[in-house]
Amino acid sequence: MARTKFPAEVLTPEGEVFSDEVEMLSTRTVVGSIGILAGHEPILAMLEPTELRLYRSESEIVRFAQAEGYLQFADNRALVLVEEALDPEALDRGTLETKLSEARSAAERSQEGTEEKARALRDIRRYEAFLAVGAVGG
Amino acid sequence: MASQRDVKNKITSVKNIQKITRAMEMVAAARLRRAEQRIDALRPYADALRRMTRQAAQAAGAEASRLPLLKEHDSEERVGVLLVTGDRGLAGGFNSQIIRAGVRMAGELGEEGLQSSWYATGRRGVSSLSFRGYELSGTYTGFTDRPSYADARTIADDLIQAYIDGEVDRVEMVYNSYVSPLTQKVTHERLLPLSHATIAGEESEDSAGSSRDAETGPRALVNYEPDPEEILKRLIPDYVEISIYRALVESTAGFFGAQMTAMRSASENAGEIITDYTLQMNRARQAEITQEIMEVVAGAEGLS
Numbered sequence: 004m005a006r007t008k009f010p011a012e013v014l015t016p017e018g019e020v021f022s023d024e025v026e027m028l029s030t031r032t033v034v035g036s037i038g039i040l041a042g043h044e045p046i047l048a049m050l051e052p053t054e055l056r057l058y059r060s061e062s063e064i065v066r067f068a069q070a071e072g073y074l075q076f077a078d079n080r081a082l083v084l085v086e087e088a089l090d091p092e093a094l095d096r097g098t099l100e101t102k103l104s105e106a107r108s109a110a111e112r113s114q115e116g117t118e119e120k121a122r123a124l125r126d127i128r129r130y131e132a133f134l135a136v137g138a139v140g141g
Numbered sequence: 045m046a047s048q049r050d051v052k053n054k055i056t057s058v059k060n061i062q063k064i065t066r067a068m069e070m071v072a073a074a075r076l077r078r079a080e081q082r083i084d085a086l087r088p089y090a091d092a093l094r095r096m097t098r099q100a101a102q103a104a105g106a107e108a109s110r111l112p113l114l115k116e117h118d119s120e121e122r123v124g125v126l127l128v129t130g131d132r133g134l135a136g137g138f139n140s141q142i143i144r145a146g147v148r149m150a151g152e153l154g155e156e157g158l159q160s161s162w163y164a165t166g167r168r169g170v171s172s173l174s175f176r177g178y179e180l181s182g183t184y185t186g187f188t189d190r191p192s193y194a195d196a197r198t199i200a201d202d203l204i205q206a207y208i209d210g211e212v213d214r215v216e217m218v219y220n221s222y223v224s225p226l227t228q229k230v231t232h233e234r235l236l237p238l239s240h241a242t243i244a245g246e247e248s249e250d251s252a253g254s255s256r257d258a259e260t261g262p263r264a265l266v267n268y269e270p271d272p273e274e275i276l277k278r279l280i281p282d283y284v285e286i287s288i289y290r291a292l293v294e295s296t297a298g299f300f301g302a303q304m305t306a307m308r309s310a311s312e313n314a315g316e317i318i319t320d321y322t323l324q325m326n327r328a329r330q331a332e333i334t335q336e337i338m339e340v341v342a343g344a345e346g347l348s
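Respectively, the protein sequence lines represent chains A and B. First residue of the first sequence: 4, per my numbering; consecutive thereafter. First residue of the second sequence: 45, per my numbering; consecutive thereafter.
If we strip away everything but chain A, and leave its shape as in the complex, we get (with noise of 0.2 Å):
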């Protein structure tokens, strides 16, 4: 049965990424996976890299590997601010690795405590979440 659509909103600084309605949104927060339906209660929350899917219907699922955001849902809109959200098709296995591999030798380089290090852990935790993505699509 189709269930009940709401507005949903993709934003990264780039530029809009998707806009339309959908049957239901997913996608993981600090805390947990989470779903999102038509009516769910307001909810701030942030988000982890992961796979964002958003169902236009229960066949029609739009998919993008998803950086680091947050998740708005108020007024049975949803809004999701990432900084990247990228086509899964367009995932490029060997640039993903490269760059993990650089992320980790920075991690291991920067000292404790600071931005960089934060920085570094960011990437490797985004980097790990796209490979998996793409393996995922693959």
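These are computed hints drawn from the structure, not numbers from a lab. Check each hint, because a few of them may be wrong.
As the list claims (entries may be wrong) - Some chain B residues close to chain A (C-beta under 7 Å, calculated; not the full set):
id, residue
1, ALA85
2, PRO88
3, ALA92
4, ASP201
5, TYR268
We put the CB at the ideal spot given by N, CA and C, even for glycine.
With chain A fixed as given, assemble chain B onto it according to the hints.
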């Protein structure tokens, strides 16, 4: 008077220059359009991020002011000054007005007994600051034609780190904000510490219409994952990043606008010079002809 050929050579070289300035004007115009699109693309994200920061800050209440980036340092000694310039010149006063504004600001800070730490983006800013003998704590170049979010993050990370470590007690940014293709406005913006007023102050602008009850009503029911304070801890650096990114993108658009204007007037000036030289060349040619006629007439008279 210069000979005909001399003037002709000059005309040719000015014409070549004019061709170059025309081409640069057109390239700048095309890039300006792209840069304008990027400002438009960024706006919804930046606005939404600002709204979320406000919401989280309100929910966190007094807890928020304990965050290191919101807390003012007890005493101010050193101010970080971030100048946003371009990698290239040929854009009129675009870069120099930023450097002038920055140096003036440092002078004013000096009068208050504060020292300045310099940070600059764009080769122009970096080279003219080091030429003037200023020591730069951070330089960021090579991306001003097309800044990416990651560039803004690198700058933000450095500034945030410097603020947390106490190397600087305040961070100010000077950039050209984009008003229209013809106008860029030199803008000062305080990046750190983010005052509560900055975050909450914008509320009156966008939500002046909505009543207070609407503000307090649904907010009480909002779920936060995790706590608002935790979210705010990440939102605040993002807020700084997006402020820098916006400045970079606006500066890029401003640069192409300034370059377009500068190159247009250069082409016009070249046109004027060509007209002047053409006149001069014609005059020289006429003088030559007159001279020849007089010689012929004089010769004929001598024979008779």
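These are the hints, each one checked on the structure:
1. ALA85: Since the shortest Cβ distance to chain A is 3 Å, the answer is holds.
2. PRO88: Given a least distance of 5 Å, the restraint on B/PRO88 holds.
3. ALA92: Constraint on B/ALA92 satisfied, holds at 6 Å.
4. ASP201: Holds - the Cβ of B/ASP201 comes within 7 Å of chain A, reaching about 4 Å at its closest.
5. TYR268: B/TYR268 check passes; min Cβ-Cβ to chain A is 6 Å, inside 7 Å.
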